[in-house]
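S.K.: One-letter residues, chain by chain:
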Amino acid sequence: MENNAQKKDEQELLTVSSGEMFQPYDWSVGKFGSKFLHELKENKKLFGSKCPKCGRVFIPPRKVCGQCYVAMDEFVPVSDEGEVYVCAIIQFGFVDPETGKQRPVPYGYAFIKLDGADTCLTHFVDSVDPEKFKVGARVRAVFEEKRKGSLMDIKHFELVD
Amino acid sequence: MEKAGIVGVGQTKYERKKDDTFAELVFEACTGALTDAGVGIEDIDNVITVSNDFWDGRTISSMAIQDAAGSYNKDVSTVEGDGVFGAMYGMMRTLSGSFDTTLVVAHVKGSEGNMNLITNAMFDPIYQRKLGIDATSSAALQARSYMEKTGATEEDFARVSVKNQGNGVNNPYAQIREKISVDDVMKSRKISEPLKLFDCSPITDGAAAIVISNEKGMKRFKKDPVWILGAAHFSDSYTLGYRDLTNSRALEAAAKKAYDMAGITNPLMELDVIELADAYSYMELLWYEGLGLTPKGKGADLIRSGATAMDGELPVNPSGGLLCAHPVLVAGLARIIEATLQIRGEAGDRQVKGANKALAHGINGPCGQAHGVFVLGS
Numbered sequence: 001m002e003n004n005a006q007k008k009d010e011q012e013l014l015t016v017s018s019g020e021m022f023q024p025y026d027w028s029v030g031k032f033g034s035k036f037l038h039e040l041k042e043n044k045k046l047f048g049s050k051c052p053k054c055g056r057v058f059i060p061p062r063k064v065c066g067q068c069y070v071a072m073d074e075f076v077p078v079s080d081e082g083e084v085y086v087c088a089i090i091q092f093g094f095v096d097p098e099t100g101k102q103r104p105v106p107y108g109y110a111f112i113k114l115d116g117a118d119t120c121l122t123h124f125v126d127s128v129d130p131e132k133f134k135v136g137a138r139v140r141a142v143f144e145e146k147r148k149g150s151l152m153d154i155k156h157f158e159l160v161d
Numbered sequence: 162m163e164k165a166g167i168v169g170v171g172q173t174k175y176e177r178k179k180d181d182t183f184a185e186l187v188f189e190a191c192t193g194a195l196t197d198a199g200v201g202i203e204d205i206d207n208v209i210t211v212s213n214d215f216w217d218g219r220t221i222s223s224m225a226i227q228d229a230a231g232s233y234n235k236d237v238s239t240v241e242g243d244g245v246f247g248a249m250y251g252m253m254r255t256l257s258g259s260f261d262t263t264l265v266v267a268h269v270k271g272s273e274g275n276m277n278l279i280t281n282a283m284f285d286p287i288y289q290r291k292l293g294i295d296a297t298s299s300a301a302l303q304a305r306s307y308m309e310k311t312g313a314t315e316e317d318f319a320r321v322s323v324k325n326q327g328n329g330v331n332n333p334y335a336q337i338r339e340k341i342s343v344d345d346v347m348k349s350r351k352i353s354e355p356l357k358l359f360d361c362s363p364i365t366d367g368a369a370a371i372v373i374s375n376e377k378g379m380k381r382f383k384k385d386p387v388w389i390l391g392a393a394h395f396s397d398s399y400t401l402g403y404r405d406l407t408n409s410r411a412l413e414a415a416a417k418k419a420y421d422m423a424g425i426t427n428p429l430m431e432l433d434v435i436e437l438a439d440a441y442s443y444m445e446l447l448w449y450e451g452l453g454l455t456p457k458g459k460g461a462d463l464i465r466s467g468a469t470a471m472d473g474e475l476p477v478n479p480s481g482g483l484l485c486a487h488p489v490l491v492a493g494l495a496r497i498i499e500a501t502l503q504i505r506g507e508a509g510d511r512q513v514k515g516a517n518k519a520l521a522h523g524i525n526g527p528c529g530q531a532h533g534v535f536v537l538g539s
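Here the protein sequences come in this chain order: R and H.
Residues 1 to 161 in the numbering used here are what the first sequence spells out, letter by letter.
Residues 162 to 539 in the numbering used here are what the second sequence spells out, letter by letter.
Careful: at least some of the hints might be erroneous.
[What the hints assert, rightly or not] Here are some of the chain H residues that sit facing chain R, going by a computed Cβ distance under 7 Å:
(1) Glu185
(2) Phe188
(3) Ala470
(4) Met471
[Stated by the list, open to error] Only pairs whose alpha carbons sit at most 25 Å apart, straight line, appear in this in silico SDA-like list of lysine to any residue:
(5) Lys45(R) <-> Glu12(R)
(6) Lys457(H) <-> Thr400(H)
(7) Lys174(H) <-> Glu163(H)
(8) Lys235(H) <-> Glu98(R)
(9) Lys31(R) <-> Asp214(H)
(10) Lys291(H) <-> Glu20(R)
(11) Lys178(H) <-> Thr119(R)
(12) Lys35(R) <-> Gln227(H)
To be clear, the hints were calculated from the coordinates, so they are not data collected in a lab.
C-beta: ideal position from N, C-alpha, C; glycine also.
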């Protein structure tokens with residue numbers, strides 16, 4: 001362990017911490033995000049936007065279909081049920097950016113293809129059983145009792161049967 | 162030498178707290194530029210986006226606007242800095258011959274984050290950031306240095322704000338459209354002495370886009386291009402304490418190079434209009450010197466003479482400049498768009514009659530660390 005023997009005149013190398021600094025933001029969600037979050041909060045309904053050219057339904061809804069490069073202006077309802085497109089079981093600790101609290105591990109994570117949508121919604125699934133929580137499994141949204149207009153108004157998805 | 166020109170321009174109205182998301186602003190600016198160019202997205206060979214993670218509040222923020230920027234199935238690259246540097250990169254890509262046409266787009270929503278914290282974060286975190294220094298407090302130091310060195314007064318700075326806000330009344334895209342007097346500026350709220358509220362540019366949301374083409378790509382467009390006659394950029398030291406804040410040597414170098422390319426020997430005589438980055442009123446005087454419009458230390462004389470007013474021999478910032486709308490990052494592209502509209506004769510109420518040669522300027526970093534200059538002509 002000769003490296004530990006620091007010479008007397010050798011300066012220890014230091015670091016400087018950023019401390020508690022943070023950057024707050026108020027992101028506008030626009031017309032599309034506002035419709036999505038409003039329907040989620042008030043009616044427990046999910047809405048996507050439909051491309052007038054290729055007909056694909058995007059969820060969450062957004063203005064531009066990148067592939068066709070046209071603006072979308074049609075909102076279409078999407079089911080709160082769908083199937084797991086791909087999934088993972090997360091074992092490492094994760095601090096919830098919304099609450100600053102550690103989420104319990106392990107938990108299920110999935111891209112969910114909701115019925116009526118052509119894209120996947122990312123969310124939690126309350127199963128960590130690899131026999132049941134797998135690609136193709138049917139899932140359904142579980143909504144929070146008190147909703148505030150956030151994606152987290154969906155508590156998680158649960159396996160159907 | 163191979164040439165490049167601007168064939169399409171588009172910009173949103175500049176406002177504080179726009180409802181649209183930044184991706185929606187990007188789409189508005191890009192589709193505006195394509196419509197102006199009379200082409201579709203299929204005529205664009207590559208895309209340059211301009212964004213900054215701190216302003217957008219997300220990592221690799223450029224990835225969030227790829228669909229809106231029309232870069233699906235295209236080569237795309239990003240500049241994190243003023244739009245004038247995005248235009249520089251876009252121009253280089255067409256001149257390289259790898260692409261014939263480039264769409265350059267910049268966006269910002271200044272109202273979504275905290276300007277003081279975001280601009281504080283551009284400073285060195287070990288030796289400077291903890292002092293709370295930001296864009297405005299560093300600008301105050303530069304303004305004071307300039308006063309000490311040249312004898313310019315707060316009233317001289319106020320004259321810049323009066324001129325530019327007067328011009329902004331004629332610009333339908335500007336955020337602030339209200340005439341003011343020197344007295345109004347002098348009596349406005351103190352922000353960071355010697356700077357007062359009307360010496361400082363506002364917090365702004367918006368997006369702007371341009372289409373650049375090389376000569377080979379020109380056959381895709383119906384309109385006559387506005388040619389890039391000269392373009393250059395230089396940077397000074399990052400650490401403010403290492404710089405002479407009253408000497409804009411990076412701008413001098415950039416302007417000299419751009420003038421040489423454009424064959425300009427007397428910019429005051431030969432240019433018809435300038436759009437420059439007046440993030441703070443005093444900056445315009447300092448940039449007059451860097452652009453070689455007046456001898457060193459004489460910026461205040463030029464504004465007092467009226468030479469840079471709308472009816473002067475070289476109008477500066479007919480759009481109202483950054484003092485009337487300061488979408489950070491977008492500002493440099495907006496200057497290029499304004500210069501382009503001037504040369505086309507499409508600048509509406511802010512048109513400089515017969516403008517044929519224009520200069521557009523953008524800055525990056527604290528106190529104008531880096532400067533980019535474009536000389537445009539018909």
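S.K.: Looking back at the numbered hints, which does the structure fail to meet, lowest number first?
M.R.: 3, 4, 5, 7, 8 and 11
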